[in-house]
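S.K.: Chain order of the listed sequences is B and U. Here the first sequence stands for residues 1 to 118, numbered as in our numbering. Here the second sequence stands for residues 1 to 76, numbered as in our numbering.
To be clear, the hints were calculated from the coordinates, so they are not data collected in a lab. Quantities reported herein were computed from a predicted structural model and do not represent experimental measurements. Ideal Cβ positions, reconstructed from N, Cα and C, are used throughout, including at glycine. Careful, some of the hints might be misleading.
[What the hints assert, rightly or not] Covered, in the sense of this in silico footprint (three residues per stretch, anywhere, with C-beta under 8 Å from a C-beta of chain U), are these stretches of chain B:
| no. | region |
| --- | --- |
| 1 | 15-28 |
| 2 | 54-65 |
[To be verified] Computed, partial: chain U to chain B, Cβ under 7 Å:
| no. | residue |
| --- | --- |
| 3 | L45 |
| 4 | R47 |
| 5 | Y55 |
| 6 | A75 |
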Amino acid sequence: MTDAATEAQATGPVHDFIAKALSDHPVVLFMKGEPEQPRCGFSAVVVQILDHLGVEFVGVDVLQSEELRNGIKAFSDWPTIPQLYVKGEFVGGADIVREMFSNGELKPFLQEQGILAA
Amino acid sequence: MPMPIEALEAALREGFPDAAIEIDDLAGDGDHYRARIVSTAFQGLPRVRQHQLVYAALKGKMGGELHALALETSAP
Numbered sequence: 001m002t003d004a005a006t007e008a009q010a011t012g013p014v015h016d017f018i019a020k021a022l023s024d025h026p027v028v029l030f031m032k033g034e035p036e037q038p039r040c041g042f043s044a045v046v047v048q049i050l051d052h053l054g055v056e057f058v059g060v061d062v063l064q065s066e067e068l069r070n071g072i073k074a075f076s077d078w079p080t081i082p083q084l085y086v087k088g089e090f091v092g093g094a095d096i097v098r099e100m101f102s103n104g105e106l107k108p109f110l111q112e113q114g115i116l117a118a
Numbered sequence: 001m002p003m004p005i006e007a008l009e010a011a012l013r014e015g016f017p018d019a020a021i022e023i024d025d026l027a028g029d030g031d032h033y034r035a036r037i038v039s040t041a042f043q044g045l046p047r048v049r050q051h052q053l054v055y056a057a058l059k060g061k062m063g064g065e066l067h068a069l070a071l072e073t074s075a076p
């Protein structure tokens with residue numbers, strides 16, 4: 001079976017949309033649903049962690065568009081949603097964010113990036 | 001689209017022949033797994049790259065056939 005998502009290329013308007021979102025906002029979460037109403041448990045976990053730390057972020061609902069949903073996977077070479085970006089860099093999905101939070105790495109990382117006050 | 005645990009384990013063993021691999025079927029539905037993989041292949045790599053290696057070993061099944069795979073990767 002071929003998975004269309006892994007073969008999709010983030011090109012054209014979708015790539016430009018993603019690049020612009022990442023340059024306009026220091027913290028961007030590509031997720032399923034809105035931050036106020038996540039539509040997947042993995043997205044909800046990342047939202048909860050960011051809220052808990054008091055991080056201001058922009059949530060982009062990939063369920064709005066199949067192109068965006070596939071485009072973001074190609075953009076980062078990462079097969080799943082959510083995807084957290086800080087200062088334009090891909091930080092990780094739900095597992096990595098959760099692990100960084102629980103081992104105390106996430107807050108200092110965000111402070112180093114100037115996202116949270118030290 | 002569930003994936004049998006044996007198929008998941010076989011794919012991971014093929015990708016990481018030297019690894020210690022533990023897989024749990026979290027929901028009992030063949031669709032939500034947790035895998036702990038300890039392999040020298042992860043030495044010195046950031047977590048994103050470690051997980052990308054695992055996804056590469058799964059050859060596109062992740063996000064398709066396989067909906068949820070919680071990963072814990074580390075080097076020995």
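S.K.: Run through the hints listed earlier and report the numbers of any the structure violates, in increasing order.
M.R.: 1, 2, 3 and 6
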